[in-house]
Each structure stands twice: as structure tokens, then as C-alpha cells.
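Listed in order, the protein sequences are those of chains L and Y. Number 27 in the numbering used here belongs to position 27 of the first sequence; there are no gaps in the numbering. Number 171 in the numbering used here belongs to position 171 of the second sequence; there are no gaps in the numbering.
One should not assume that every hint holds.
Only pairs whose alpha carbons sit at most 30 Å apart, straight line, appear in this in silico DSSO-like list of lysine-lysine [to be verified]:
| no. | chain 1 | residue 1 | chain 2 | residue 2 |
| --- | --- | --- | --- | --- |
| 1 | Y | 76 | L | 124 |
| 2 | Y | 44 | Y | 301 |
| 3 | Y | 162 | L | 181 |
| 4 | Y | 301 | Y | 318 |
| 5 | Y | 162 | L | 124 |
Over 12 Å on every C-beta distance to chain Y, these chain L residues come out as not near it, computed from the model [what the hints assert, rightly or not]:
| no. | residue |
| --- | --- |
| 6 | 26 |
| 7 | 45 |
| 8 | 73 |
| 9 | 94 |
| 10 | 137 |
| 11 | 215 |
| 12 | 269 |
| 13 | 271 |
Hints listed in this document are in silico derivations from the structure and should not be mistaken for laboratory results. Quantities reported herein were computed from a predicted structural model and do not represent experimental measurements. The C-beta atom is built at its ideal place from N, Cα and C for all residues, glycine as well.
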Amino acid sequence: MSTPAANFSEREFVIVQVSRLVEDKKIYWVGGGGEPLSSVLLAKRTNMPNLQYLTEDGVVGPEAVVPFDPLMTMISSRANYRALQWSTMNYAADLAHLGYVDYGILATLQVDRYGNVNSTVVGKYEGGEGRRFGGPGGADSIAALAWRTILVTDQQKRKFVDRVDFISSPGFLDGPGSREKHGLPPGTGPWRVYTPWAMFGYDTDCQLMLQAIAPYVTVEQVLDEMSFKPKMAKKIEILEPPTEEELLILRTQIDVGGQVTDRGRWVELRDGKYCFAG
Amino acid sequence: MRILEEGKGEYLKVDPDSYRAYVRDHKPHEMVSKLMSEKEAVEKLVHDGDYFAYDCNYFQRGPASLIREIIRQRKKNLWLCGKFTYVACAMLVEAGCADRIDIGFIGFGPWIARAVRENRCKIYEYSNAIMTLRLKAGAMGLPFLPARSFGGTDGFPHSGCKIVEDPYSKQPVLLAPALNPDVAIIHVHQADEYGNARVFGTGITHQECALASKRVIVSAEEIVSTDEIRRDPGRTSIPHFAVDAVVHAPFGAYPGTVQGYYASDPEGVVEAMGAMFRGDFKAYLEKHVYSVNSHEEYLAKVVGTKKMAEIRRRETIKEGYGA
């Protein structure tokens, strides 16, 4: 049934990994679009039909029709098809305040050792010197209020930094106790970070810890694409490749137009080993 | 209450008492017809220097036609409520209409850092949900509301929020200042001539936005009778007394979607996004704003009947959207 795929892109790999992490019978708040939404839609179509998700326009438990038109991942009839409830943004934030949101999934521009997220500016904030991005949007509420937050980012030195240039959405801020000190509810925070090359968790001191790598890279390659050395799990696991079945669903039912997976390197199985193509 | 941390960002003055008095003295308490053209509505109700909120955005059931009219009338010095938005903030700043933004999320690109560097625009930092909470406080007649997010971020120091010791639990809690915009524009599916308005499907903060704002323009895809409103009162999202002008604006969200009525126009979306990412709105504004005198003319000359038929046809899902 589940045949490991011989060809896939690293972006497809990360969507599949996050979809496998998704738990059935839980409530997710996902960032509108990109890898987070694709992962949840894939999980719903593989073996977790009972998971529900929210987006920040206050939709509860939709059964989205894909593909979406460009940008139309919220407040559109296709994204919000057959929902259990339609509401607005303050309601989504209320649900998260109440503790209904088990998991949040966010794609991010830059992340640091404590899981702090930057989506505001790369470089200096003051005076418009740095390169400006959109701001936290709905991610701040997800990162502050979901019980567990899953982050998705690229494995690149400039994206994995010791300290983000600007904390748009909170990770563990400065370490244990720091979130509570700034008014965030206890027992929440970053839980996993996924990249196309690796999976990280957090140590008890709230610091990023490498736990697993993709079958087509080495630990050294992962560490070379980070600006700091993370903590290391006792044993670094190797992540399982996507199956043919997962890719079929992802390609034909979710990312039909390649809106999400149209970038990233291609991976192939050569002589029994996964490696980058070309 | 003990203040633990304070943002240093400038914010619109919080004054629930004067807002109450404004509601008493200026809001239309009786049912009077408010149908008018977009030109008249914007001339009368959008003033230079206003704090200006629009709900949703240029692509998603937003008041795109009214945003274009504001630019056409060359309003000045607006302070924008930049939540859940892509290109509208960029268009308004680049067109010279706005010089301050409270940012939850905006469509970025080279324009924003350039505008900040050249002192054409001041920015203040929030999140989408903190901005909608500020409007909720404004819509409740309260001076602030607490939230358990946004504290600890680097946006906080650039906001008007504070962290205080909760007098009940003694734990730190964030307070967001109420927001009562001078003017708000909201695009809806249906409204009667008095401003009783219906939004179908999800939204961002249309009800709070309408109740929190001093002057409110509603643009509607369809003008319906008050009997139709009374037939299903549970669907009234905005009551007439919050509304100062009703503009009939079919395809008013173009190039965006109005869920259940028409799909977005991907070409139109990409054209606007392209202008934003290039940081050059000149050609876009010329074609989509200045080359016409009204939304009606825009639909006839720029959009065209073929495109309108196509986006209506592509919106295949109707359930829940008024039918």
C-alpha cells in the first residue's frame, strides 16, 4: 500500500512530514495558505478525516475545495466550503484564548533558537533601513494562544538565526518563564520546527533541538545551513520519505496548480539512496 | 492598576465619552434613506486627516470601488487601519492619500521601507487580532480590552498597548486601546436604503468596524427592500443606525471576490500585486483609478461585461450566500 516515492521535491517532502504529525480529532488554527494549509488538507485526505481547522476569518471546520484562486485561501467560497460555522476574526481569537486550539501551524520567514518568529523586517527596523515584510498578521495570536505551535521554514542560514531581527510572533522569547511574564497563557509555545531538510523539537530549557533529518542530507549539511548550533537529540532519526499515495493526493487534489510546491530542489532515489537530482 | 510595560507608539486618542456623545448627536437614530453615489459619500464622509478603516481587503470582499474613489478624490493624511490587507495600504500611501498605518498585516514590497525612509509614512505595529480587538473595544464603548497575545513581541514597543498586573489574578495581562475610527467603509452582499446590511460567509470585523466608527459608508452588491431584511432578521450584520451612507456598488470588490456572488479575477489580482511588489503604482492607478470618473464607468470601460460574466460564472458555490 504505502510505497516510498522515488521522486519528489523537498517542498513536497516537508508538507508530507507536517501532515503526518497532524493528529486526528484535534483542532488546528492554520496560517492562511502555503505549507501549513496544504499539510492540513493532506492530512484530512489521508487518514485524519476528523481533524478540524480554523483560519483567521473565523471559519470553523471547512471542507475546502481546491485549487484556490491566487490568495483566496480565506473569505472565499472555495476555502470555506461546507464549514461547520462561519464567523469573524475576533471569534477565532476568542476560541484560541479559550484553549480550543490544540495546534497552530505557521510558515515563517525567520526563526531563532527559542522559536521566536520574524515576519516583519530583515535587518534594522528603525528608519525603514531593513527589508520590510507584512507583519505578524494572524500568526501572533496562533503563536501566543495555541497549545502547541508547529513552524515551517526553509533550511537556510539567514532564516535560522540565533536571534531573529524582530520578534513578530512569540516563541519562548528569552527562555523558560518568559512568555508568562509578558502575559501569554502558560503551557503554550513552539513544539516542532520543520524544514525541507530536518525536524527540530525543544529541550526542557526551551532551546531548539535537532531531532531528525531528511534521508537526502547529512547532519553536517543541516548544521551548515544554520547560523547557530542547536542542541542535539541523543539519536538523530531519519525521516521517512513521502509515499506514492501521499504524493498522488498532494499533486492531484491539493496543490493542483503547483502554487505551493513550485520551488525547492528535486530529490530522487538513486542506487537505493535518496539524493538531490542533477 | 500597576503598569508593567508600555508601548511607545502613538495611537488614536481613546475617548469613549466623546464617542457616546457623538453617537447621540450625529448618528442617524431614525430610519432615513442614505442611498447616494460613491462620489457623494466619499466627498461628504471621508475627510483629510481621518483615521480610516476598511474591512476585509482589496481582494476579499473589500470595498475596492470606494478605495479607488478615495484615491480619485485625492484625500490626504489618512491614518490606516492596516489589518488583514494586501495592496490597499500600498495604493493609498503611494497615491499620497495616507501617511500613517497601524499594521496587523499589510502587503509588503519596496514601497513601505521607502515611504518610511522618506518620512512619507509612519508605522505602528500590532497584529491582525489585536487590531480587531481594538475595534471590538471601540464597538463596545469601552476604553480598552485585554488580550493574552502580543506581549513579548518586538511589535509591542511600537504599539499603544500596555501590559498591566491584572487586579484579579495578579498575573500580567496585555491591554489594547479601543479604536474608534473617524470613518469606515465596508462592502456587503446586501443592504436596504437605510443601511441595514447583510454579510454572508466569514469576515474580519465588519460589525465591530461599523459600530466603532464615527462615519460609516456601506457599499452593497445588491440593494434590497426593508421587507426582505425583516423576513430574516438573524441575517442582519449591521444595523441602519450605524450607517451614514449606502452606495450601490455591484462588483464593488473587483478585482477581489464577493463569496457566493463572483470569484476574484486572478489577472486583476496579479496586476495589483505586481504593482505593489515592483513598488510602482503609477500605471496601475492611471488605468484603474484616474482614467475613469466613477465605478460605473470603471466597470464599463476597464473591466467589461465579458469579465464580469466570467467571474460570476466561475463562482460556482452559492450555498449559504443569500440564496
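Hint check:
For the hint linking residue 76 of chain Y to residue 124 of chain L, the alpha-carbon distance of about 29 Å falls within 30 Å, and the restraint holds. Distance restraint check for residue 44 of chain Y and residue 301 of chain Y: the Cα-Cα separation of roughly 26 Å lies within the 30 Å cut-off, and the hinted pair is therefore satisfied. Distance restraint check for residue 162 of chain Y and residue 181 of chain L: the Cα-Cα separation of roughly 13 Å lies within the 30 Å cut-off, and the hinted pair is therefore satisfied. Between residue 301 of chain Y and residue 318 of chain Y the alpha-carbon distance is near 28 Å, which keeps this suggested pair within the 30 Å criterion.
Distance restraint check for residue 162 of chain Y and residue 124 of chain L: the Cα-Cα separation of roughly 24 Å lies within the 30 Å cut-off, and the hinted pair is therefore satisfied. The beta carbon of residue 26 of chain L is kept farther than 12 Å from every beta carbon of chain Y, the shortest such distance being approximately 20 Å. In this structure residue 45 of chain L is separated from chain Y by more than 12 Å, as the shortest Cβ-Cβ distance comes to about 19 Å. Its closest Cβ contact with chain Y, about 10 Å, brings residue 73 of chain L to no more than 12 Å, contrary to its assignment away from the interface.
Listed as outside the interface, residue 94 of chain L is inconsistent with that label: its C-beta sits roughly 10 Å from the nearest C-beta of chain Y, within the 12 Å cut-off. The claim that residue 137 of chain L is not at the interface with chain Y is violated, since a C-beta of that chain comes within 12 Å of its own (minimum 3 Å). Under the 12 Å C-beta cut-off, the non-interface status given to residue 215 of chain L relative to chain Y holds; the minimum distance is some 36 Å. Taking the minimum C-beta to C-beta distance to chain Y, about 36 Å, the non-interface status of residue 269 of chain L holds against the 12 Å cut.
Remark: the non-interface label on residue 271 of chain L is consistent with the geometry, its nearest Cβ contact in chain Y lying 43 Å away (cut-off 12 Å).
Hints 8, 9, 10, counting from the list given before, are not met by this structure.
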